[in-house]
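A.B. asks: If you want the building blocks of each chain, they are given just below.
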Amino acid sequence: MPMKIALTGNYAVAYAVKLAKPQVIAAYPITPQTPVVEKLSEFVESGELKAQMIRVESEHSALAACLGAALAGARVFTATSSQGLLYMHEIIHWASRVRAPMVMAVVSRTINAPWNIWPDHSDFLDQRDAGWVMAYAMDNQEAFDLTLQAFKISEDPEVYLPVMVGLEGFVLGHTAMPVEIPDEKDVDAWLGERRQPYVVDGSEPIGVGGLTWPEDTEDMFYGIQQAMERAKSAIKRVDAEYGKLFGRSYGGLIQCYRCEDAKYIAVSMGAWSGELMESVNMLRDEGYPIGVARIRFYRPFPHEDLWEVARSARAVFVFDRAISFGSWGQIYADLVAGLLLHTNKLPPVMDIVTGIAGVHVSAEDFYAMIKKLIEKVESGHNIGYFEWVRVRR
Amino acid sequence: MEVYTDNCRAVEGGIMLYEIIFLGRGGQGAVTAANILVQAAIYEDKYGQGSPFFGAERRGAPVAAYARVSDKPILRRGIFSRADAIVVLDHKLIDIGTLKRYIIKPGGALIVNAPQGKGISRELVNAEGRVAVYIVNATRIAEELKLIVAGWPVVNTSMLGALARVLPAVSIDSVARAVKEYFGGRVGELNSEAAVRAYKEATFIGEV
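Chain order of the listed sequences is U and H.
Residues in the first sequence are numbered consecutively from 1, following this note's numbering.
Residues in the second sequence are numbered consecutively from 1001, following this note's numbering.
Read the hints as simulated data drawn from the structure, not as lab findings.
Where hints are given, some of them may not hold.
Simulated pairs of lysine-lysine, DSS-like, Cα-Cα distance not exceeding 27 Å [said to hold, decoys possible]:
id : chain 1 : residue 1 : chain 2 : residue 2
1  : H       : K1200     : H       : K1046
2  : U       : K244      : H       : K1046
3  : H       : K1180     : U       : K4
4  : H       : K1072     : U       : K371
5  : H       : K1200     : U       : K244
6  : U       : K4        : H       : K1046
7  : H       : K1072     : H       : K1046
Each pair of labels, with its calculated beta carbon distance range [as the list claims (entries may be wrong)]:
id : chain 1 : residue 1 : chain 2 : residue 2 : range
8  : H       : K1092     : U       : E38       : 48 to 54 Å
9  : U       : G247      : H       : K1100     : 53 to 59 Å
10 : U       : H342      : H       : G1060     : 48 to 54 Å
11 : H       : M1016     : U       : N382      : 56 to 62 Å
12 : H       : N1126     : U       : G192      : 37 to 43 Å
Residues on chain U that point at chain H, a partial pick, calculated with CB under 10 Å [to be verified]:
id : residue
13 : V44
14 : G210
15 : L211
16 : L346
17 : M350
The beta carbon of each residue, even a glycine, is placed where N, CA and C say it ideally should be.
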């Protein structure tokens, strides 16, 4: 029988990993991720999870150990946050460019300096160009589901790419919520054995990552781009079959909330989509026709799905919880470029960068921001394209 | 015994949502209490959230933990400073002004671990309206049941029982079951017994 228990986001990830049965976990502690691997090491110690737990001296080594084990044929997992993720960055590119399926949880925390342990999306989005499939959760149940699905997507022969699953530290990571955990035997039957494009196990000579001519290298990188395109249907397929087997389907790369008759669309990613949805409920009660398109997968970028939602919108409001300094939020940049693939007549698309460095943005804050913007559009005013809203109490 | 039932916050369409803050000292189990409350909510097919303060804590220092219980999935996130009920694990935190940093909503409740006869001064409570005050001697209950860990009486599970008496968010049966399951074995049974005793002993001492 599936069981429903109160789990923090960190523990939800650990329980999902336990069910995926990795053979190797390598990790280095960092706030706010540490409870993920603490819980996993408890599972290993108690014998509930038969995995090799490698305690390394840095995050760079953590991912390097995972990469080596993955190439040798093991299902692997690691987790990190913020500075640890940045320290891994070189190996993050290695993992995707040698097409090593693996799963990593990123328990988001902003980037130093100054020292700050609270969440935004800066660390996660800093990995934007690395060739990983990138998913982001809205609550602990989704963190659990995405982690489990990440193994399936990563090891799909149509994909064969590493997958990172993001969740905000503290807001999800340290907060207990109800999480339903499916039966082990059902997960085993669905997930199946480890699959990967090639195995370095000594049975035949194989070189990985040696000097390669420009044209051959370019072909390999082109392969990653093609795999990303195929990942879109793989993600939807996995979401649908997971829904059929375990009762939860989220709609694929994006989740739409009250979008059906919406004239305004708010775009977001992560935990604060909850507050955004609550603000939409408040605005709907007052007759404002607004919905939320929540990004569940940031890479591959779901521009087709977002276009379907936004095509008849009077305006689109993007809430970015990170910024590419000197330009705007990363989601905004991708969304505008993505929509322009479908039309040369964009509705007004406005970027609101807010909630940076862990600043809490409440449902009431979203409500006030959106109401002001809608009223501007309705009265024929230009809403501009960018604002950094620093919420203060 | 008066039971408060009018402090149910309607967020939208009559959804019930209770926001509760546990105040204690680092090591007293405020966070554990919040997390057990979520499990109790699950037993009733409700939804919950339990959080520590988002930052660093240390043993002995004043700490807060936060819980929400609702009959619908909870969309709001994060910690908060206004609550329907505040549960105080150490009454001295009221005397030193810690309680005053948090607001109790109108019609809300204050539940304090204190010996009988302890009075709560209005000046030390930050209330937006009338607040019902309850006390229960969780320290004595822990001592009677020999629930002592590292020299400290275990009061968090008792205070969960008292909360169940005051706030109709979850029933005492669900609290007792969640406490029992959380700790397991003999320790689980003793803590569950503590919760039930505190549920019975919680006393309304008036409004502030």
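A.B. asks: Please go over all the hints and tell whether each is borne out by the structure.
C.D. replies: These are the hints, each one checked on the structure:
1. H:K1200 x H:K1046: Roughly 24 Å separates the two Cα atoms, so the pair holds.
2. U:K244 x H:K1046: holds (24 Å)
3. H:K1180 x U:K4: holds (16 Å)
4. H:K1072 x U:K371: Since the Cα atoms of H:K1072 and U:K371 sit roughly 25 Å apart, the hinted pair holds (cutoff 27 Å).
5. H:K1200 x U:K244: Violated, at roughly 46 Å.
6. U:K4 x H:K1046: Cα-Cα ~11 Å, so holds.
7. H:K1072 x H:K1046: holds (7 Å)
8. H:K1092 x U:E38: 48 to 54 Å: Hint violated: Cβ distance 32 Å, outside 48 to 54 Å.
9. U:G247 x H:K1100: 53 to 59 Å: Once the Cβ atoms are compared, 46 Å apart, the range 53 to 59 Å for H:K1100 and U:G247 is violated.
10. U:H342 x H:G1060: 48 to 54 Å: With a Cβ separation near 60 Å, U:H342 and H:G1060 fall outside 48 to 54 Å, so the hint is violated.
11. H:M1016 x U:N382: 56 to 62 Å: violated (42 Å)
12. H:N1126 x U:G192: 37 to 43 Å: This hint is violated: roughly 57 Å between Cβ atoms.
13. V44: Hint on U:V44: violated, closest Cβ of chain H at ~21 Å, above 10 Å.
14. G210: At about 46 Å, which exceeds the 10 Å cut-off, the nearest Cβ of chain H leaves the hint on U:G210 violated.
15. L211: violated (48 Å)
16. L346: Where the cut-off is 10 Å and the nearest Cβ of chain H is about 29 Å from U:L346, the hint is violated.
17. M350: violated (23 Å)
Hints 5, 8, 9, 10, 11, 12, 13, 14, 15, 16 and 17 from the earlier list are contradicted by this structure; the remaining hints agree with it.
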